[in-house]
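Protein sequences, first through last, are from chains A, B and C. Residue numbers for the first sequence follow this note's numbering, so the first one is 1 and each next one is one higher. Residue numbers for the second sequence follow this note's numbering, so the first one is 1 and each next one is one higher. Residue numbers for the third sequence follow this note's numbering, so the first one is 1 and each next one is one higher.
I should point out that these hints are in silico values taken from the structure, not numbers from a laboratory. Mixed in with the good hints there might be a few duds.
Said to hold, decoys possible - Simulated pairs of lysine to aspartate or glutamate, EDC-like, Cα-Cα distance not exceeding 20 Å:
{"#": "1", "chain 1": "A", "residue 1": "K508", "chain 2": "A", "residue 2": "E112"}
{"#": "2", "chain 1": "A", "residue 1": "K139", "chain 2": "B", "residue 2": "E48"}
{"#": "3", "chain 1": "A", "residue 1": "K523", "chain 2": "A", "residue 2": "E112"}
{"#": "4", "chain 1": "A", "residue 1": "K91", "chain 2": "A", "residue 2": "E471"}
{"#": "5", "chain 1": "A", "residue 1": "K408", "chain 2": "B", "residue 2": "D326"}
{"#": "6", "chain 1": "B", "residue 1": "K133", "chain 2": "C", "residue 2": "D63"}
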Amino acid sequence: MLTRRTLMAATAAAPLAGVSGQALAKTPPGVVVMAKQIDDVISFDPAEAYEFTNNEVNANVYRRLVSPNPANVSQVIGDLAESWTISPDGKVFTFKLKTNAKFPSGKMLTAEDVAFSLQRVVKLNKTPAFIISQFGFTKDNVEAAFVAKDPGTFVMTLPDAAAPSFVLFCLSAAVGSIVEKATVMEHDVGGDLGNAWLKNHSAGAGAYQLTEWVASDHITIDANPHSVVKPGVRRVAIRHVADPSAQLLLLQKGDADIARDLTPDLLTKVKAAKEFTVTASGQGSTMYIAMNQNVPELQKVQVHQAIKWAIDYDAIAKNITPNQWVVAQGFLPPGLPGAMTAKPFHKDVAKAKALLAEAGYPNGFSITMDYISQAPYGDIAQAIQADLAAVGIKVTLTPGEQKQVITKTRARTHQLAILVWGTDYFDPNSNSQAWCENPDDSDTSKLKILAWRSHYVDKELNDMSLAATKELDSAKRIKMYQDMQVKFADRAPFAMVLQKIASAALGKGVSGFVIGALPDFTKFSDIKKA
Amino acid sequence: MNGRNGRLAGTAASLLLTLFGLVFVTFFIGRVMPIDPLIAILGDHAPEDVMARTRVELGLDQPLVVQFGLYVWRLLHGDLGRSVMSSNLVTQDIARYFPATIELATVAIIVATLIGVPLGVLAAVRQGSVIDKVIRVVCLAGHSIPIFLLALLSLLIFYATLDWAPGTGRADVAFEGMNPVVTGFLTIDTAWAGDWDAFYDAWAHLAQPAGVLAYFSMAFIARMTRAFMLDALAGEYIITARAKGLSALRVIWRHAFGNIAVRLITVLALTYAGLLEGAVVTETVFSWPGLGQYLTVSLLNADMNAVLGATLVVGLIYMALNLFADAAYKMFDPRVR
Amino acid sequence: MSDVVKRAWLLSDAPTSRSQAAWGRRYRLWCDFSSNGLAMTGLVIVVLLVLCAVAAPLLAPYDPTLQELANRLSVPTAAHWLGTDELGRDVLSRLLFGARVTLGMVIAVVVTVAPFGLAVGCVAGYYGGWADTILMRVTDVFLAFPRLILALAFVAAIHPGVTSAVIAIALTTWPPYARLARAETLTIRSADFIAAVRLTGASSGRIILRHIAPLCLGSLIVRVTLDMSAIILFAASLGFLGMGAQPPSPEWGTMIATARRFFLDQWWVPLMPGLAIFVASLAFNLLGDGLRDVLDPKQR
Numbered sequence: 001m002l003t004r005r006t007l008m009a010a011t012a013a014a015p016l017a018g019v020s021g022q023a024l025a026k027t028p029p030g031v032v033v034m035a036k037q038i039d040d041v042i043s044f045d046p047a048e049a050y051e052f053t054n055n056e057v058n059a060n061v062y063r064r065l066v067s068p069n070p071a072n073v074s075q076v077i078g079d080l081a082e083s084w085t086i087s088p089d090g091k092v093f094t095f096k097l098k099t100n101a102k103f104p105s106g107k108m109l110t111a112e113d114v115a116f117s118l119q120r121v122v123k124l125n126k127t128p129a130f131i132i133s134q135f136g137f138t139k140d141n142v143e144a145a146f147v148a149k150d151p152g153t154f155v156m157t158l159p160d161a162a163a164p165s166f167v168l169f170c171l172s173a174a175v176g177s178i179v180e181k182a183t184v185m186e187h188d189v190g191g192d193l194g195n196a197w198l199k200n201h202s203a204g205a206g207a208y209q210l211t212e213w214v215a216s217d218h219i220t221i222d223a224n225p226h227s228v229v230k231p232g233v234r235r236v237a238i239r240h241v242a243d244p245s246a247q248l249l250l251l252q253k254g255d256a257d258i259a260r261d262l263t264p265d266l267l268t269k270v271k272a273a274k275e276f277t278v279t280a281s282g283q284g285s286t287m288y289i290a291m292n293q294n295v296p297e298l299q300k301v302q303v304h305q306a307i308k309w310a311i312d313y314d315a316i317a318k319n320i321t322p323n324q325w326v327v328a329q330g331f332l333p334p335g336l337p338g339a340m341t342a343k344p345f346h347k348d349v350a351k352a353k354a355l356l357a358e359a360g361y362p363n364g365f366s367i368t369m370d371y372i373s374q375a376p377y378g379d380i381a382q383a384i385q386a387d388l389a390a391v392g393i394k395v396t397l398t399p400g401e402q403k404q405v406i407t408k409t410r411a412r413t414h415q416l417a418i419l420v421w422g423t424d425y426f427d428p429n430s431n432s433q434a435w436c437e438n439p440d441d442s443d444t445s446k447l448k449i450l451a452w453r454s455h456y457v458d459k460e461l462n463d464m465s466l467a468a469t470k471e472l473d474s475a476k477r478i479k480m481y482q483d484m485q486v487k488f489a490d491r492a493p494f495a496m497v498l499q500k501i502a503s504a505a506l507g508k509g510v511s512g513f514v515i516g517a518l519p520d521f522t523k524f525s526d527i528k529k530a
Numbered sequence: 001m002n003g004r005n006g007r008l009a010g011t012a013a014s015l016l017l018t019l020f021g022l023v024f025v026t027f028f029i030g031r032v033m034p035i036d037p038l039i040a041i042l043g044d045h046a047p048e049d050v051m052a053r054t055r056v057e058l059g060l061d062q063p064l065v066v067q068f069g070l071y072v073w074r075l076l077h078g079d080l081g082r083s084v085m086s087s088n089l090v091t092q093d094i095a096r097y098f099p100a101t102i103e104l105a106t107v108a109i110i111v112a113t114l115i116g117v118p119l120g121v122l123a124a125v126r127q128g129s130v131i132d133k134v135i136r137v138v139c140l141a142g143h144s145i146p147i148f149l150l151a152l153l154s155l156l157i158f159y160a161t162l163d164w165a166p167g168t169g170r171a172d173v174a175f176e177g178m179n180p181v182v183t184g185f186l187t188i189d190t191a192w193a194g195d196w197d198a199f200y201d202a203w204a205h206l207a208q209p210a211g212v213l214a215y216f217s218m219a220f221i222a223r224m225t226r227a228f229m230l231d232a233l234a235g236e237y238i239i240t241a242r243a244k245g246l247s248a249l250r251v252i253w254r255h256a257f258g259n260i261a262v263r264l265i266t267v268l269a270l271t272y273a274g275l276l277e278g279a280v281v282t283e284t285v286f287s288w289p290g291l292g293q294y295l296t297v298s299l300l301n302a303d304m305n306a307v308l309g310a311t312l313v314v315g316l317i318y319m320a321l322n323l324f325a326d327a328a329y330k331m332f333d334p335r336v337r
Numbered sequence: 001m002s003d004v005v006k007r008a009w010l011l012s013d014a015p016t017s018r019s020q021a022a023w024g025r026r027y028r029l030w031c032d033f034s035s036n037g038l039a040m041t042g043l044v045i046v047v048l049l050v051l052c053a054v055a056a057p058l059l060a061p062y063d064p065t066l067q068e069l070a071n072r073l074s075v076p077t078a079a080h081w082l083g084t085d086e087l088g089r090d091v092l093s094r095l096l097f098g099a100r101v102t103l104g105m106v107i108a109v110v111v112t113v114a115p116f117g118l119a120v121g122c123v124a125g126y127y128g129g130w131a132d133t134i135l136m137r138v139t140d141v142f143l144a145f146p147r148l149i150l151a152l153a154f155v156a157a158i159h160p161g162v163t164s165a166v167i168a169i170a171l172t173t174w175p176p177y178a179r180l181a182r183a184e185t186l187t188i189r190s191a192d193f194i195a196a197v198r199l200t201g202a203s204s205g206r207i208i209l210r211h212i213a214p215l216c217l218g219s220l221i222v223r224v225t226l227d228m229s230a231i232i233l234f235a236a237s238l239g240f241l242g243m244g245a246q247p248p249s250p251e252w253g254t255m256i257a258t259a260r261r262f263f264l265d266q267w268w269v270p271l272m273p274g275l276a277i278f279v280a281s282l283a284f285n286l287l288g289d290g291l292r293d294v295l296d297p298k299q300r
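Put together the whole structure using the sequences plus the hints.
If you want it as structure tokens, here you go:
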């Protein structure tokens, strides 16, 4: 346990450093201070956590059976699992566990913990539970489906066969985190399986453990003394700093070691300065324009295409969002398995006008567009408004808070909307299901994701998406997703515009911070501080 | 005696009514907000069955009137519910955020009074002089500058350029959560713990936002002081006192100032109430973890329990200060009795 | 009539007609007012602002919505006197057009709030009893509310935009007017001339409308002028918090909100609209201050 005294001993002169105006490293040694927007956190319970910050922290606090291979994202490698076998019918997965994973309590992680954790996810049935339960697990069959055969062997039996890569990718998600059964059950209150306690505590075998979380203020994680991975710094203090320029200032003053939410302009400035390094990674987040199919003007395929040909993608990416968003036009952005790297669309006013005329709108039409009233969405919305005006589509902008815009699109009352979608798990099915599957367009549908929200019904893509989840051959499966994206780009009422790039600026002497393609894969344990 | 009790009961009743109105308005504004509270709780990606179950669990499927009744019923039992954003009890959150706002507002009003009152007196005594004009412009400027501009400029100058003050937030990360919470006021708790580095740090962080707020309210206080003083200085007793040959200082401070003290307290109470809510923008710019920020963030996330709880507290204090100001005013001015 | 004669007519000690007396009184007030340098400065700026707003299309060198993405956040140059914003739009042109939005909002608020507050206050003060209790209780509820929070909640509940911002500001601005009007009414109500009017059989409505309300008007006007700057600041604050006018509208507060993220590096971008708000608000304050001196000498 780190005490204030040890911190202070190292930083006795800290308050004076600022006065002298020197950029001394003011943060204590062995402690990394990260400036980040953390007001998205709701809970740290891995069965419930579903926002960016908590998933990222959990990636360092908990371990999972498998994780994607950083060298080849189409493959998974073992994390807790030493090896695994899959029965020929694709239903029974048998995992042999490594024998070196230990919880902060000093106890070894066993197959019992694995079975308990996965059962717990299905039983609690919180937001991310569907990632596991979509394979047919229910609270009635989980006890039989997840079994600890012996302390080193975990057996999972699927009710129905599914593509093995699909199953494994889902187990690599944050929701597949393994908790310590004994500790969690000690804090069970009224049969909540420790849910209330795990909201702001941790019981994982990762490199760190959660010490303190104060909402919208700070998160402190300290090294797990029994972890097999010895982290480079013993404490990571994540401080909520809402303002990006304030984040940069903290970095410049040595009050923070890592700044996470710098805007494109600030990143450009940081890159020019020698004392900082910037690390970046493409994310599984896509910015797109949804065209609601209940609006008559938006129903024709030519209109979908006209809008896609009207946007000046490169100008937006280059001028408004350098280092933050790049052009990506498939529903699987680069970095995800099955990604589409081709960019079929670029700004072509003549072509867009011709398409509009072909659709019966030679003089364009008027329409509203919702967007999230935050940077950079406001700037992007205004740029797109100008682009669409150039081909004759008069757009009225209607901004709203993020949750307000989401509420509206879920109620299907938008016309055009600029939205962002982050993939739920690393498997292509997450996005393919979201954008292509809409088996029931009625208000009582059980699947109300992106296609449903814009009344997009496409039987062919819907069926292709379903078929891909059953394909046992991984290479064939990837090919299916790539074919789907070509059809999707051609006709879907979604203009895929940009892919998120997450960047972090590291202060002097700080290195080794690697951002994952999903928050679930961002690691703190390699961070070094000189 | 009876009359006074009656009046007291009347005041209490009207206070309760106002409070009820406050809850009522906040509740219904919150419920018609075009944000589905479930999105705040579960996020955008939650499957339909989880959404439906949670809606029932939280009673959000009930008619609004029933929900309101339930809320008031719980409120009467001291239960403000749980915040979605922090997953704490709202009472816990308020206990945490409120001292930060009080600390900020209190320091601001003390500074504002210490500067504003003498300035106002000076302006009144030297009415029409250059000093009076300068003070008037300084005060009007304080009324005219948008507080967020002042806050941004302050950060730009004192933090980014001159490096005199620390940045945003309430304490340096090295001191965060290091001293036991006794009062919730960092400037007191750190001294209590004898941690003088943290004490210095707390004051350093307080200086900028408090300074910005102080200037803002100083302008108002100085103006009002000047007006009251002019009024008092024109009074006959002052002329008599002067005629008796009392020194100018004595006349100004003992007689005239003594006479306006009550009205000044009224103004201070109102200014303080204004500060409590005026801190919203300042807290946003300085990332000050106070009630104003808590309220705005909760509001934008449809965290209605938090919004209601925080509004109630601010409203209650606001009302108490108003009541106090009213009472003081009534004592002084027979016209409104 | 020559100037000298006109002046003599206006300042005559023995006016021969009602209008001469009235004009004479106004002229004397104007003399008082115009001798106040600060107030005159305020008046001149306000007039200039109004002119800018009216003539914005003639004065603005560019279309305020014209984007030039390759020339974002430019420093002030010969081509763009006040630089360009985050989408490469000319800041000067946006400020000029923004004056329309800002002044428009202020006027909209004032014409909503003043009559409403006056009506509530007069009715409550005149009738007393239950009407007074109920109206003042409602007023208290609104007064007890943290103003900015009520406005934020209200705007969030309908939709961010100029109209809802105006309604929200009006909603939180009227209570002091009602209180003021009520206090004035209370002092007037028992005056002899009201009793005299009542004896002639005038209806309550007529008394309020024709005799009480006009007398409350003076202090209300001073309050309105002084409030103008507060309204400008309020609108700007809403814009700053993202709840006022919405992009691409060049409302000044909104401009600061969208440019705030550049304030450490391209500080002039948010500073320009900030200065505009400051100047406009200061001008109204100077003007209101001068007016108060003239109309309400006691407060001087």
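For each hint, the structure was consulted:
1. A:K508 <-> A:E112: With Cα atoms ~44 Å apart, A:K508 and A:E112 exceed 20 Å; violated.
2. A:K139 <-> B:E48: 17 Å, holds
3. A:K523 <-> A:E112: 26 Å, violated
4. A:K91 <-> A:E471: 13 Å, holds
5. A:K408 <-> B:D326: With a Cα-Cα distance of about 45 Å, the restraint between A:K408 and B:D326 is violated, given a limit of 20 Å.
6. B:K133 <-> C:D63: Not satisfied, since the Cα-Cα distance of roughly 41 Å exceeds 20 Å.
Checked against the numbered hints listed earlier, the structure breaks hints 1, 3, 5, 6; every other hint is satisfied.
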